[in-house]
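J.: Protein chains in written order, with this note's numbering: chain A, 1 to 105; chain B, 1 to 154.
Honestly, the hints are just simulated from the structure, not real lab data. Keep in mind that this is a model prediction, so the values were computed, not measured. Mixed in with the good hints there might be a few duds.
With the Cβ distance kept under 8 Å, some of the chain B side facing chain A (calculated, not the full set) [stated by the list, open to error]:
#1 D17
#2 T18
#3 G36
#4 Y98
#5 I102
#6 V103
#7 D105
#8 L107
#9 G134
#10 L137
#11 L138
Pair by pair, the computed Cβ-Cβ distance ranges are [stated by the list, open to error]:
#12 A:S84 - B:E56: 40 to 50 Å
#13 A:F98 - B:L116: 37 to 47 Å
#14 A:L6 - B:I125: 55 to 65 Å
#15 A:F98 - B:I63: 23 to 33 Å
Ideal Cβ positions, reconstructed from N, Cα and C, are used throughout, including at glycine.
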Amino acid sequence: MAKEKLPSQREAAILSILINGEKYGREIRNEYEERIGRKMPLGSLYITLNRMEGYGFVRSWMGESVHERGGNRRKYFEMTAHGSRAFDVYQLFVTSVFGGVLQDG
Amino acid sequence: MVKKDSPNKQDWLYLLDTYVLYGIGYGYFRNRPKIGKIFFSIAEKEQRKFHRRLIESEIKTEIKKVIKNTLINAGTLRIRDKTENLISKTSFWIPRKYREAIVGDILEDCHELRALGKSEWRIRIHIIWQLIIGLILLRPTVLVDALKRMLSTK
Numbered sequence: 001m002a003k004e005k006l007p008s009q010r011e012a013a014i015l016s017i018l019i020n021g022e023k024y025g026r027e028i029r030n031e032y033e034e035r036i037g038r039k040m041p042l043g044s045l046y047i048t049l050n051r052m053e054g055y056g057f058v059r060s061w062m063g064e065s066v067h068e069r070g071g072n073r074r075k076y077f078e079m080t081a082h083g084s085r086a087f088d089v090y091q092l093f094v095t096s097v098f099g100g101v102l103q104d105g
Numbered sequence: 001m002v003k004k005d006s007p008n009k010q011d012w013l014y015l016l017d018t019y020v021l022y023g024i025g026y027g028y029f030r031n032r033p034k035i036g037k038i039f040f041s042i043a044e045k046e047q048r049k050f051h052r053r054l055i056e057s058e059i060k061t062e063i064k065k066v067i068k069n070t071l072i073n074a075g076t077l078r079i080r081d082k083t084e085n086l087i088s089k090t091s092f093w094i095p096r097k098y099r100e101a102i103v104g105d106i107l108e109d110c111h112e113l114r115a116l117g118k119s120e121w122r123i124r125i126h127i128i129w130q131l132i133i134g135l136i137l138l139r140p141t142v143l144v145d146a147l148k149r150m151l152s153t154k
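Make a model of the complete structure from these sequences and hints.
T.: What follows is the structure, encoded as structure tokens:
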């Protein structure tokens, strides 16, 4: 059986945010901080997204320019089918590990 | 020798001192190579220090320039042409593919903070913090991208 690349904890958190649809960097950052309760500077976020794009978990494209951004365009990210599969595998892995702990307890 | 656009007078005098040390090594101790070597090693050490200092000062002035431009743009400018200038200033450390997105995100943050009534100092600290993190983390991706490009062309 071919080994599936398992996302890290941070990557899985970002994938869970992207389940609801496409989002741009700042939106992902805000939702991550709200859900996880940890600070996520933009540099860290983009480096993680860059890595995830390399693995094929997400794909990106440039949106339209926005007035509040000084006319800069937003970079949108979307989960790919491969990313969705990897997230399912991660969920299965976590439930199998912690399910066992709960049963023992 | 490391090329620098405009070293000041003091820098040149410092460099000249090291050449004087070389001169002493050659001239006075031509027949005593062991003593001459001591002068050479001191001169080399001082020259290395001089070059390091020049590079550090160049990087520092570059970072200061970027932060200053970001602050100016975040506060006053909203037009696309003007922000192009800021984006081109950040080219040396943010990868091209993320430049527009990151600068835009920081500016959008500033807009929101200002709408929430935060002070200008709070906004400035936010910008500097985001840029420092970007500077530390995104620089390796520039190198990796450059390496990938180099390998793909070969």
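J.: Now, for every hint given, state plainly whether the structure supports it.
T.: Do the hints match the structure? See the list:
no. : hint                       : in the structure
1   : D17                        : violated, 41 Å
2   : T18                        : violated, 39 Å
3   : G36                        : violated, 51 Å
4   : Y98                        : holds, 5 Å
5   : I102                       : holds, 6 Å
6   : V103                       : holds, 6 Å
7   : D105                       : holds, 4 Å
8   : L107                       : holds, 5 Å
9   : G134                       : holds, 4 Å
10  : L137                       : holds, 4 Å
11  : L138                       : holds, 5 Å
12  : A:S84 - B:E56: 40 to 50 Å  : holds, 47 Å
13  : A:F98 - B:L116: 37 to 47 Å : holds, 39 Å
14  : A:L6 - B:I125: 55 to 65 Å  : violated, 37 Å
15  : A:F98 - B:I63: 23 to 33 Å  : violated, 45 Å
Consistency with the previously given hints fails for numbers 1, 2, 3, 14, 15, ordered from lowest to highest.
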